[in-house]
Amino acid sequence: MKQSRFEITENVPLTGSVYRMRIAGDTGDVARPGQFVSLRLSGYYLRRPISVCDREGDCLTLIYKTVGAGTRAMSGMKPGETLDVLTGLGNGYDLSESGDAPLLLGGGVGVPPLYWLGKELVRQGRRVTAVLGFNTRAEVFYEEEFRALGCRVTVATADGSYGRKGFVTDALPADYSYVYTCGPMPMLRAVWRATKPSGQYSFEERMGCGFGACMGCTCKTAGGPKRLCREGPVLRKEEILWDD
Amino acid sequence: MGRLNVTLCGLPLDNPVIPASGTFGYGYEFAGLYDINVLGTFSFKGTTRQARFGNPTPRIAECTAGMINAVGLQNPGVEKVISEELPRLKACFHKPVMANVSGFSVEDYAYTCALLDKEPQVGWLEVNVSCPNVHGGGMSFGTEPRAAAEVTKAVKAVASKPVIVKLSPNVTDIVLIARACEDAGADGISLINTLLGMRIDLKTKRPVIANTMGGFSGPAIFPVALRMVYQVSKAVRIPVVGMGGVRSAEDVIEMMLAGASAVQIGAENLVNPFACRDIIAALPQVMDAYGINTLQDIIGGAH
Ligand SMILES: Cc1cc2nc3c(=O)[nH]c(=O)nc-3n(C[C@H](O)[C@H](O)[C@H](O)COP(=O)(O)OP(=O)(O)OC[C@H]3O[C@@H](n4cnc5c(N)ncnc54)[C@H](O)[C@@H]3O)c2cc1C
Ligand SMILES: Cc1cc2nc3c(=O)[nH]c(=O)nc-3n(C[C@H](O)[C@H](O)[C@H](O)COP(=O)(O)O)c2cc1C
Ligand code: FES
Chain A
-15 MKQSRFEITE NVPLTGSVYR MRIAGDTGDV ARPGQFVSLR LSGYYLRRPI
35 SVCDREGDCL TLIYKTVGAG TRAMSGMKPG ETLDVLTGLG NGYDLSESGD
85 APLLLGGGVG VPPLYWLGKE LVRQGRRVTA VLGFNTRAEV FYEEEFRALG
135 CRVTVATADG SYGRKGFVTD ALPADYSYVY TCGPMPMLRA VWRATKPSGQ
185 YSFEERMGCG FGACMGCTCK TAGGPKRLCR EGPVLRKEEI LWDD
Chain B
53 MGRLNVTLCG LPLDNPVIPA SGTFGYGYEF AGLYDINVLG TFSFKGTTRQ
103 ARFGNPTPRI AECTAGMINA VGLQNPGVEK VISEELPRLK ACFHKPVMAN
153 VSGFSVEDYA YTCALLDKEP QVGWLEVNVS CPNVHGGGMS FGTEPRAAAE
203 VTKAVKAVAS KPVIVKLSPN VTDIVLIARA CEDAGADGIS LINTLLGMRI
253 DLKTKRPVIA NTMGGFSGPA IFPVALRMVY QVSKAVRIPV VGMGGVRSAE
303 DVIEMMLAGA SAVQIGAENL VNPFACRDII AALPQVMDAY GINTLQDIIG
353 GAH
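Chain order of the listed sequences is A and B.
So for the first sequence, this note's numbering puts the first residue at -15; every next one is plus one.
So for the second sequence, this note's numbering puts the first residue at 53; every next one is plus one.
Treat the hints with caution; some may be incorrect.
Here are some, though not all, of the chain A residues that point toward chain B, as calculated from beta-carbon distances under 7 Å [unchecked claim]:
(1) R6
(2) L30
(3) F187
(4) E189
(5) G192
(6) C193
(7) G196
Derived DSS-like pairs: lysine-lysine, alpha-carbon spacing no greater than 25 Å straight-line [as the list claims (entries may be wrong)]:
(8) B:K132 to A:K210
(9) B:K132 to B:K147
(10) A:K210 to B:K142
(11) A:K204 to A:K221
(12) B:K255 to A:K49
(13) B:K205 to B:K170
(14) A:K204 to A:K180
(15) B:K286 to B:K205
(16) A:K49 to A:K149
(17) B:K142 to B:K170
(18) B:K170 to B:K132
(19) A:K221 to A:K210
(20) A:K(-14) to A:K62
(21) A:K49 to B:K257
(22) A:K(-14) to A:K210
(23) A:K(-14) to B:K257
(24) B:K132 to B:K142
(25) B:K132 to A:K204
It should be emphasised that the hints constitute simulated quantities derived from the structure, not laboratory data.
Each residue gets a CB set at the ideal place from its N, CA and C atoms; glycine is no exception.
All chains, please: the whole structure from these sequences, using the hints.
Given below as structure tokens:
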């Protein structure tokens, strides 16, 4: 983990409520897709955790949805402004288990971390399929970007206004070797049920620190308690315990 | 003696800056970030007789100038702390550490303290009778003078190291509790633990914290903490460790003027992982700015 200042180089809307921010700085600790960074925003006490969507040299791409005051404040920031960022947080996805034909399943702002993952998997010569789920046509983003990576892409919308109607689990391909997924809890759970192969699932939790100090983000797993900011946010299918 | 040196219950500290329990784990997360030997010492995560998973999540809520936590004393239990955490710490921290202890009965406290007291790495026992996040334990011992005294006595009976009792601010008269602990043999008092608070999510119309309530801390509580440190340090003869909302060298000095012999820093470590290192580095300059020669001289200076 590193704490350093990044400069905003781009901050543009992709949809009505989803923005892409690009920041430049010391990316030395950003090691793997699925890791996240944590942004200090002036006027807000806790940092905001956001997944790394892509890393190119000293530049990070973040894609975020305006859900509250902090992310709304982010959407108003301008290129040239700087941010205090903790980088290199979380375990990230393990690419070594993907098999030949990994499947990426993303829902809403769970899509972004799968982009860098898809890029790396394609680079390793895998046949990558991405199924991207959104509520409605107006919320769709990054379909073309995933295609440009060389992924086979299917989009599903819950209301059927674009692509396949339904959830990502209604648009699964016939054959795939492994699952990488990120999205809201009900989606992760549906994926866990609907897919056979093993996989890696990225979770969210409210965080105090984001780097393992406060025990604010602990969840129960088959391998004992894990801090989602440190031993997560990515958990293996076999270790996930759904609490009900 | 250097400008920053103080003593706490007879043990020397290179400086009065101490990361507070629950915000510094067992130290080694931070040892990866900076040399934690620059600290006076630190207080490790609240340790109990048995391992605890803690509360369900969400355990964290943001507030204006602060946060609420309801971690619920997640820890691996005293035996594992001794067999696993302390040896790991030994590799990166070469000073006596403050052992923070919680319990659910007087015997629990005594049992856990007796084991930690035997560890050469432990310099002080910080007995937390003030955790707001667990039912039937913790805070209930700290809201009633007789119960706080009983825990203090039981721990003193098994301890050779200084016993610092950590008090809850969630009481009508904190001086009464502090005096009861002093009379029962406490070597020091630390305060404040978190203030009981809550937030409600407007979208779900439900409490943000799974446990409904939690402990509020961070810069917002500084004036309340300072006031209590002032009151208690005036009323007792034993040293007081002050904490609550401290985030700068200026705040440390203010706490010491109010009567703190040493100062703990909690939530600030979570949002600025280098907070304690930076505060220690800033102290000499800030002391110069206010004409302060040594920190030991200013303790209780505002009385
Ligand atoms: C590991 C991780 C990766 C994430 N990656 C992304 C991403 O790539 N894109 C994206 O849009 N969002 C992502 N999120 C969610 C994002 O952190 C929240 O949407 C954001 O913190 C909300 O802040 P706010 O001030 O707008 O909302 P508010 O509701 O006003 O925030 C209040 C508090 O709750 C916390 N909080 C609120 N919602 C969430 C949530 N869903 N998860 C965790 N904390 C929350 C905030 O951090 C803040 O402390 C991620 C969360 C985690 C834990
Ligand atoms: C996440 C978190 C966990 C805490 N856990 C403990 C604990 O285990 N034992 C304890 O005595 N105090 C615990 N505390 C209280 C702090 O040690 C401190 O008394 C309080 O937070 C006030 O200081 P601050 O405003 O600087 O945070 C915790 C505080 C936080 C924020
Ligand atoms: S958020 Fe603090 S330990 Fe994970």
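Evaluation of the provided hints:
1. This hint is violated: R6 (chain A) has a C-beta 24 Å from the nearest C-beta of chain B, more than the 7 Å allowed.
2. Among the interface hints, the one on L30 (chain A) holds; its C-beta lies about 5 Å from the nearest C-beta in chain B, closer than the 7 Å criterion.
3. A hinted interface residue such as F187 (chain A) counts as satisfied when its beta carbon comes closer than 7 Å to some beta carbon of chain B; here the least separation is about 10 Å, so the hint is violated.
4. Interface hint at E189 (chain A): satisfied, since its Cβ lies 5 Å from the closest Cβ of chain B, which is below the 7 Å cut-off.
5. Because the closest C-beta pair between G192 (chain A) and chain B is about 5 Å apart, less than 7 Å, the hint holds.
6. Because the smallest distance between the Cβ of C193 (chain A) and any Cβ of chain B comes to about 4 Å, under 7 Å, the interface hint for this residue holds.
7. Annotation: G196 (chain A) was flagged as interfacial toward chain B, and the flag holds, the nearest CB pair being 5 Å apart, inside 7 Å.
8. Proximity of K132 (chain B) to K210 (chain A) is assessed by CA-CA distance (about 16 Å); at most 25 Å being required, the pair is judged to hold.
9. As the CA atoms of K132 (chain B) and K147 (chain B) are separated by approximately 20 Å, the hinted pair is consistent with the 25 Å bound.
10. Distance check on the hinted pair: K210 (chain A) and K142 (chain B) sit about 23 Å apart at the alpha-carbon level, within 25 Å; holds.
11. For a cut-off of 25 Å, the pair hint linking K204 (chain A) to K221 (chain A) stands: about 13 Å separates their Cα positions.
12. Annotation: proposed proximity of K255 (chain B) to K49 (chain A) holds, straight-line Cα distance about 16 Å (limit 25 Å).
13. Annotation: proposed proximity of K205 (chain B) to K170 (chain B) holds, straight-line Cα distance about 18 Å (limit 25 Å).
14. Simply put, K204 (chain A) and K180 (chain A) have alpha-carbon atoms about 22 Å apart, close enough for the 25 Å limit, and the pair holds.
15. Straight-line distance between C-alpha atoms of K286 (chain B) and K205 (chain B) comes to about 23 Å, which keeps the hinted pair within the 25 Å bound.
16. Between K49 (chain A) and K149 (chain A) the CA atoms are separated by roughly 23 Å; this keeps the pair inside 25 Å, and the hint holds.
17. At roughly 15 Å between alpha-carbon atoms, K142 (chain B) and K170 (chain B) fall within 25 Å of each other, so this suggested pair holds.
18. At roughly 15 Å between alpha-carbon atoms, K170 (chain B) and K132 (chain B) fall within 25 Å of each other, so this suggested pair holds.
19. Restraint check for K221 (chain A) and K210 (chain A): the C-alpha separation of about 14 Å stays at or below 25 Å, so the hint holds.
20. Taking the CA atoms of K(-14) (chain A) and K62 (chain A), the gap is about 23 Å. The hint holds against a cut of 25 Å.
21. The hinted pair formed by K49 (chain A) and K257 (chain B) meets the criterion: a straight-line CA distance of about 21 Å does not exceed 25 Å.
22. Taking the CA atoms of K(-14) (chain A) and K210 (chain A), the gap is near 22 Å; set against the 25 Å cutoff, the hint holds.
23. A distance of roughly 37 Å separates the Cα atoms of K(-14) (chain A) and K257 (chain B); the hinted pair therefore is violated under the 25 Å criterion.
24. Only pairs whose Cα atoms come within 25 Å are accepted, and K132 (chain B) paired with K142 (chain B) is accepted, the gap being roughly 15 Å.
25. Restraint check for K132 (chain B) and K204 (chain A): satisfied, since their Cα atoms lie roughly 19 Å apart, inside the 25 Å limit.
Checked against the numbered hints given earlier, this structure breaks hints 1, 3, 23; the rest are met.
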